[in-house]
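If you read the sequences in order, they're chains L and E. Note that the first sequence covers residues 1 to 118 in our numbering. Note that the second sequence covers residues 119 to 229 in our numbering.
Among the clues, some could well be false.
Said to hold, decoys possible - Simulated crosslink set (BS3-like; lysine-lysine; CA at most 25 angstroms straight-line):
| no. | chain 1 | residue 1 | chain 2 | residue 2 |
| --- | --- | --- | --- | --- |
| 1 | L | Lys66 | E | Lys216 |
| 2 | E | Lys174 | L | Lys55 |
| 3 | E | Lys216 | E | Lys169 |
| 4 | E | Lys169 | L | Lys41 |
| 5 | L | Lys64 | E | Lys154 |
| 6 | E | Lys154 | E | Lys228 |
Quick caveat, the hints were computed from the structure, so don't treat them as lab data.
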Amino acid sequence: GAVVSQHPSWVICKSGTSVKIECRSLDFQATTMFWYRQFPKQSLMLMATSNEGSKATYEQGVEKDKFLINHASLTLSTLTVTSAHPEDSSFYICSARRLAGPSTDTQYFGPGTRLTVL
Amino acid sequence: GQQVMQIPQYQHVQEGEDFTTYCNSSTTLSNIQWYKQRPGGHPVFLIQLVKSGEVKKQKRLTFQFGEAKKNSSLHITATQTTDVGTYFCATLKAAGNKLTFGGGTRVLVKP
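Construct all of the structure, not just a fragment, from the sequences and the given hints.
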């Protein structure tokens, strides 16, 4: 149990276009999902916390108008990178925290989406 | 904010040998979590420690939380090629349930 999926697994886009990444909890409900960014050979940096039915909370330095987050249901959060530029190229990973049941402290990570902006 | 520092950044280990990676904080931590990320993969939760001096084992992996709850260690015995990857420590902040990750220790195993 506790499987999180992401779609797409990789995407290549032209500079200036927008890219949407989906994060789904497949077998549990997640009131909270998190979006991270990881540059090559670096650690994971939290970008924002996505809460079902309310606005996302962004970390300092992360532009909310550039990284649009929508958490429409207890199993789906989306991250849209708007007007993408080459410096946005990175590995984007989501995680989900169980709403209830065992291990609510544990975050379950999706497989990640590798974004390359040309 | 709360930060956790990991050392070493890189670890080259001969297959069969033991090694230890360390996680340190300047402030007292309420918990410490450890994750493993294989090359090209995503972080996978290994364990959580919450008690002062706590020690937990998972087969060849031994996790320890310091008495002062400011440091933690992961010790791997008889390293195997399957141990290749990056090991991250992280601490979970109660408010907002946010995870703060250390920089990771990248482990390479020489056969």
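Okay, the hints, checked on the actual structure:
1. L:Lys66 to E:Lys216: Measuring from Cα to Cα gives roughly 21 angstroms; hence the hint holds.
2. E:Lys174 to L:Lys55: Given that 25 angstroms is the threshold and the Cα spacing comes to 38 angstroms, the pair is violated.
3. E:Lys216 to E:Lys169: holds (19 angstroms)
4. E:Lys169 to L:Lys41: violated (31 angstroms)
5. L:Lys64 to E:Lys154: The hint is violated at about 30 angstroms.
6. E:Lys154 to E:Lys228: holds (19 angstroms)
When held up to the earlier numbered hints, the structure conflicts with 2, 4, 5 and fits the remainder.
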